[in-house]
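Undergrad: Now for the letters of each chain:
2 protein chains.
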Amino acid sequence: MSKASIDAIDRKILQHLIRNARMPFLEIARECGISGAAIHQRVKKLDEMGVILGSRLEVDPKKLGFDVCALIGIRVSDPSRYENTVETLKQIPEVVECHFITGEYNMMLKVYCLNNEHLMQILFEKILTIDGVLKTETFISLVQSFSRQIDVKYLE
Amino acid sequence: MSKASIDAIDRKILQHLIRNARMPFLEIARECGISGAAIHQRVKKLDEMGVILGSRLEVDPKKLGFDVCALIGIRVSDPSRYENTVETLKQIPEVVECHFITGEYNMMLKVYCLNNEHLMQILFEKILTIDGVLKTETFISLVQSFSRQIDVKYLE
DNA sequence: GTTGAAAGTGTAGGCTA
DNA sequence: TAGCCTACACTTTCAAC
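Protein sequence lines, in the order shown, are assigned to chains A and B.
Numbering-wise (the UniProt record's numbering), the first sequence opens with residue 1 and increments by one.
Numbering-wise (the UniProt record's numbering), the second sequence opens with residue 1 and increments by one.
Mixed in with the good hints there might be a few duds.
Unchecked claim - Only pairs whose alpha carbons sit at most 30 Å apart, straight line, appear in this in silico BS3-like list of lysine-lysine:
hint, chain 1, residue 1, chain 2, residue 2
1, A, 12, B, 62
2, A, 62, A, 44
3, A, 90, A, 126
4, A, 90, B, 3
5, A, 45, B, 135
6, A, 126, B, 153
7, A, 153, B, 63
8, A, 126, B, 12
9, B, 3, A, 63
10, B, 135, B, 62
11, B, 63, A, 44
12, A, 126, A, 62
13, B, 12, A, 62
14, A, 62, B, 90
15, A, 63, B, 90
16, B, 12, A, 90
17, A, 62, B, 45
18, A, 63, B, 44
To be verified - Reference listing, derived: stretches of chain A covered by chain B, where coverage requires no fewer than 3 residues with Cβ under 8 Å from a Cβ of chain B:
hint, stretch
19, 16 to 25
20, 128 to 136
Please keep in mind that the hints were generated in silico from the structure rather than gathered at the bench.
Just so it is clear, the structure is predicted and the values come from calculations on it, not from any experiment.
By construction, the Cβ of each residue, glycine as well, lies at the ideal position given by its N, Cα and C atoms.
Let's have the full structure, built from the sequences with the hints guiding it.
TA: So this is what it looks like as C-alpha cells:
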C-alpha cells in the first residue's frame, strides 16, 4: 500500500469532509479560492486513488435502542481458520468492526446489541459456535467517551 | 436516553445515508414515493432528535501514511482520575476512539500512528506519562478486516 | 484549472388530514 | 399540528474547453 501524494488543498478538503461529509463543496471552494467543480474533481480523484473509502452518516446507537456496546477478544485455534471466521463474523450484523490483533486473542470485535440478553445470544449462539473459536473475552463498553477520524493536519 | 420513534421511511433514509452520507435525497425520495423536501425535513428532524450525530468522510489511514493501528488497554489507578485522563487523551490526535470498559483495563483506546517509532513515542511520552495511568497493554491491529455501522433493518 | 447546463439541495409558504 | 406538497434560489455534477 503506497502513500498517496496529497497537496494542501486536498488536505483542506479531507479535513472538512472528515468532520462533515455533507459540507457544501462551494464553501470549501471559496476557502481555497477555486471553483466548486475543481473541488468536485479533486474529491473524485481522491476517491479513485483509494484515499476516500466512502462516507457515512453517524447515528446514535442508543437512540435506536442499541443499549449495549462490547469489545470481544477471540482466540482462534489455527491460522487456517481465520478467513472462514471473518466471513462468518461478517454475516452477523451486530458485529460492526473486526481486527486481527497481536496478544492473547487473535481477533478483536466491536459489537452493538439491544441489551444484555441479545449480547449473550450473539456470543453463545453466533460467535462461540464458529469452528475453531477456542476462547473469548468480553469487555463491555460502559461509555464511548469519543470517536473520531485521524487528523489530516498531521500530514502538513 | 430514550429510544427514538422511527418509521419505515426514516429507517430507509438512515439505511441509505449510513452507507453513503452524500447519497442524493431525491434518489431516496423517489424510492419512498415522496418529495425531496420531505426527505430533507425528516433528516432535519432525525438530527434534532439526536438520532443523527453527524456525517463523516471515511479515509484510508494507510494511504495517508498511517501504517500502524493499535488497540491500547489502560489501567487507571482510581475513578477520580478518569475524567482528567479522558481529557488528556482527547488532546492526542492519534487517539481516535476511547471506551470505558469492564475487565482488567478500565479504558480501551484505538490509535493510528505513522509507524512503530511513532506508536512508541505516543505510548511512552503521551499515555504512560498521564497521572494515574498504572499499566497499559498494546494490541497491534495487523489487519482491520471490516468496519461498518449498525444495521437499521434490525429495527423493523 | 474554467464555464455552463441539467440535476439535486435547502428553505419558505401553503395544502390537507 | 404534523407531514406532505410546490416553488425558487443556491449547489452539485459532468461534459466540453
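Undergrad: It remains to establish, for every hint, whether it holds in the given structure.
TA: Here is what the structure says about each hint:
In summary, the hint linking residue 12 of chain A to residue 62 of chain B is supported, as the alpha carbons are separated by about 18 Å, within the 30 Å threshold. Taking the CA atoms of residue 62 of chain A and residue 44 of chain A, the gap is near 34 Å; set against the 30 Å cutoff, the hint is violated. With a C-alpha separation of about 11 Å, the suggested pairing of residue 90 of chain A with residue 126 of chain A holds against the 30 Å cut-off. For the hint linking residue 90 of chain A to residue 3 of chain B, the alpha-carbon distance of about 26 Å falls within 30 Å, and the restraint holds.
Taking the CA atoms of residue 45 of chain A and residue 135 of chain B, the gap is near 44 Å; set against the 30 Å cutoff, the hint is violated. This hinted pair checks out: residue 126 of chain A and residue 153 of chain B have alpha carbons roughly 19 Å apart, not beyond 30 Å. Using a Cα cut-off of 30 Å, the hinted pair residue 153 of chain A and residue 63 of chain B holds, with the two alpha carbons roughly 15 Å apart. This hinted pair checks out: residue 126 of chain A and residue 12 of chain B have alpha carbons roughly 27 Å apart, not beyond 30 Å.
Straight-line distance between C-alpha atoms of residue 3 of chain B and residue 63 of chain A comes to about 5 Å, which keeps the hinted pair within the 30 Å bound. For the suggested pair residue 135 of chain B and residue 62 of chain B, the alpha carbons sit about 28 Å apart, so the restraint of at most 30 Å is met. Annotation: proposed proximity of residue 63 of chain B to residue 44 of chain A holds, straight-line Cα distance about 15 Å (limit 30 Å). Proximity of residue 126 of chain A to residue 62 of chain A is assessed by CA-CA distance (about 22 Å); at most 30 Å being required, the pair is judged to hold.
For the suggested pair residue 12 of chain B and residue 62 of chain A, the alpha carbons sit about 18 Å apart, so the restraint of at most 30 Å is met. For the hint pairing residue 62 of chain A with residue 90 of chain B, the CA-to-CA distance comes to about 22 Å; that is within 30 Å, so the pair holds. The hinted pair formed by residue 63 of chain A and residue 90 of chain B meets the criterion: a straight-line CA distance of about 24 Å does not exceed 30 Å. A C-alpha spacing of about 21 Å is found between residue 12 of chain B and residue 90 of chain A, which places the hinted pair at or below 30 Å, so the restraint holds.
Distance check on the hinted pair: residue 62 of chain A and residue 45 of chain B sit about 17 Å apart at the alpha-carbon level, within 30 Å; holds. A C-alpha spacing of about 15 Å is found between residue 63 of chain A and residue 44 of chain B, which places the hinted pair at or below 30 Å, so the restraint holds. Taking a C-beta to C-beta cut-off of 8 Å, the stretch 16 to 25 of chain A contributes 6 residues in contact with chain B, enough for the three needed, and the coverage statement holds. Residue count for the stretch 128 to 136 of chain A with a Cβ under 8 Å from a Cβ of chain B: 0. That is fewer than the three needed, and the coverage hint is violated.
In terms of the numbered hints stated before, the structure departs from hints 2, 5 and 20, listed from lowest to highest.
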